[in-house]
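Enquirer: Here the sequence shown is numbered in this note's numbering, starting from 200 and rising by one per residue.
Note that these hints are calculated values from the structure, not bench results.
Treat the numbers as computed from the prediction; the structure is a model and nothing was measured.
Don't be surprised by glycine CBs; every beta carbon is placed ideally from N, CA and C.
The reader is advised that the hints may include incorrect statements.
Stated by the list, open to error - Here are the simulated EDC-like pairs of lysine to aspartate or glutamate, each with C-alpha atoms no more than 16 Å apart in a straight line:
1. 360 - 242
2. 330 - 219
3. 304 - 219
4. 426 - 413
5. 297 - 276
As the list claims (entries may be wrong) - Label-pair ranges, simulated between beta-carbon atoms:
6. 206 - 412: 41 to 47 Å
7. 438 - 339: 58 to 64 Å
8. 538 - 314: 29 to 35 Å
9. 200 - 412: 43 to 49 Å
10. 215 - 380: 47 to 53 Å
11. 538 - 435: 41 to 47 Å
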Amino acid sequence: MLVLEYKIKGTKLQYQAINEAIRTTQFIRNKAIKYWMDAPREDNINKVALNNYSTALRKEFKFVEELNSMACQSATERAWSSIDRFYSNCKSKTPGKKGYPRFQKDNRSVEYKTSGWSLHPTKRRITFTDKKGIGEVKLLGKWDIHTYPVKLIKRVRLVKKADGYYCQFSIKTEPLSESRIANGEVGLDVGLEFFYSDSNGHHEPNPRFLRKAEKSIKHAGRQIYKKEKGKTERRKARQRYARKHLKVSRQRSEHAKRIARNVCKANALVVYEDLRVKNMVKNHCLAKSINDVSWGLFRHWLEYFSAKFNTKTIAVNPKMTSQKCSDCGAIVKKSLSTRTHKCNCGCELQRDVNAAKNILNLAYGTLRDAKARDGQSQSNATGLATSTLLGETLVEQVARVKVESPL
200 MLVLEYKIKG
210 TKLQYQAINE
220 AIRTTQFIRN
230 KAIKYWMDAP
240 REDNINKVAL
250 NNYSTALRKE
260 FKFVEELNSM
270 ACQSATERAW
280 SSIDRFYSNC
290 KSKTPGKKGY
300 PRFQKDNRSV
310 EYKTSGWSLH
320 PTKRRITFTD
330 KKGIGEVKLL
340 GKWDIHTYPV
350 KLIKRVRLVK
360 KADGYYCQFS
370 IKTEPLSESR
380 IANGEVGLDV
390 GLEFFYSDSN
400 GHHEPNPRFL
410 RKAEKSIKHA
420 GRQIYKKEKG
430 KTERRKARQR
440 YARKHLKVSR
450 QRSEHAKRIA
460 RNVCKANALV
470 VYEDLRVKNM
480 VKNHCLAKSI
490 NDVSWGLFRH
500 WLEYFSAKFN
510 TKTIAVNPKM
520 TSQKCSDCGA
530 IVKKSLSTRT
540 HKCNCGCELQ
550 RDVNAAKNIL
560 NLAYGTLRDA
570 KARDGQSQSN
580 ATGLATSTLL
590 GETLVEQVAR
600 VKVESPL
């Protein structure tokens, strides 16, 4: 599914109509959650029952009836998504809180399906045909939505952000594959000192977007409380504060996207750590820095671009990768403040580079074990051991395995 986003240009009345549609979506979702809470256990409320409940709400409330019927169904689908996630966490016995559904109070979007809207022939304008009164709005952006047939557009979402209103199109299509510029193999060790360090010795600088903008954000936050409640100046101060946070969020996303694309474009194998960021941010001393570096976002885009460039990605357990010597395999204990790895075997590397090499070696072991399980491994009668050192690529390793005895 491909998502294209345009900024909307409309009148003040149209923006008010969009806000009303967003509030209606929130109302339907919360009513569906309440309906599920109050229902007896034997009723077995499911997705279909919630969709039928949206029909009952349309008959009961006039402002709900004004919203497109499929948009009402999308609102109940959001409720069912939170309910289903709660059920899944309970069945899988996820540790900690299970995510019991809550009422929403800050909804910022309304979603239409295949009805309730129509595109202008130029595809630079869109008209919403329900009774909320949004009407025709102009689409501002450089995306080439005109290259896709209208029948491939499965969802249209109106989103309210700090700097305006946006229209998102969900298009059912697969991303076009591209060719790689190289076929390298790299292990990545993410961190706070550097965004990541790879097994080749390269350090990607950590941009620290939030840290750089923190002074300005705090100043904008203080200005809010200097304005009188209920006044226009206070509302404008809140908008300035929100726009600064939105800018940081966009900077993180674009940075992670660009770096992930470059890594996948230049490598046939990318290995990274399987981190549990949710647990790591419980450390109050490092939580802000961990959230600022956005490891989870970087991993998401790595997995996306790996399919685009036909790159193999492997997530490995990061346990002991910083303590283990990548050359001889010995354990060299070191604290977080120790940034250089020194081993008795003579290996001396920057701590994160050593960890990245261990991460890549773990992937080699995983691939070797997978081949053995599939019955693809062959006998090595010459006594040559299959190397997993970084000096040899996977192709060279396979070539050595295929060397057979003269006998």
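Enquirer: Quick check: does the Cβ-Cβ distance between residue 215 and residue 380 fall within 47 to 53 Å?
Expert: 50 Å, holds
Enquirer: Indicate whether the distance between the beta carbons of residue 438 and residue 339 respects the range 58 to 64 Å.
Expert: 19 Å, violated
Enquirer: Take a quick look at whether residue 304 and residue 219 sit within 16 Å of each other, Cα to Cα.
Expert: 14 Å, holds
Enquirer: Evaluate the given range 29 to 35 Å for the C-beta pair formed by residue 538 and residue 314.
Expert: Between residue 538 and residue 314, where Cβ atoms are some 59 Å apart, the hint is violated.
Enquirer: Hinted pair, alpha-carbon criterion (16 Å max): residue 426, residue 413. Please report holds or violated.
Expert: Violated - the C-alpha atoms of residue 413 and residue 426 are around 21 Å apart, more than 16 Å.
Enquirer: Regarding residue 538 and residue 435, is the given constraint of 41 to 47 Å on their beta-carbon distance met?
Expert: Given a distance of about 46 Å, which is inside 41 to 47 Å, the answer is holds.
Enquirer: Quickly compare the C-alpha distance for residue 360 and residue 242 to 16 Å and report which way the hint goes.
Expert: Given pair residue 360, residue 242 is violated - Cα atoms ~39 Å apart, limit 16 Å.
Enquirer: Is it true that the CA of residue 330 sits at most 16 Å from the CA of residue 219?
Expert: 11 Å, holds
Enquirer: Hint says 41 to 47 Å; check whether the CB-CB distance for residue 206 and residue 412 agrees.
Expert: Because 22 Å falls outside the window, the suggested range is violated.
Enquirer: Does residue 276 sit within 16 Å of residue 297, going by the straight-line distance between their CA atoms?
Expert: Since the Cα atoms of residue 297 and residue 276 sit roughly 19 Å apart, the hinted pair is violated (cutoff 16 Å).
Enquirer: Holds or violated: the 43 to 49 Å window for the beta-carbon distance between residue 200 and residue 412?
Expert: 32 Å, violated
Checked against the numbered hints above, the structure violates hints 1, 4, 5, 6, 7, 8 and 9; every other hint is satisfied.
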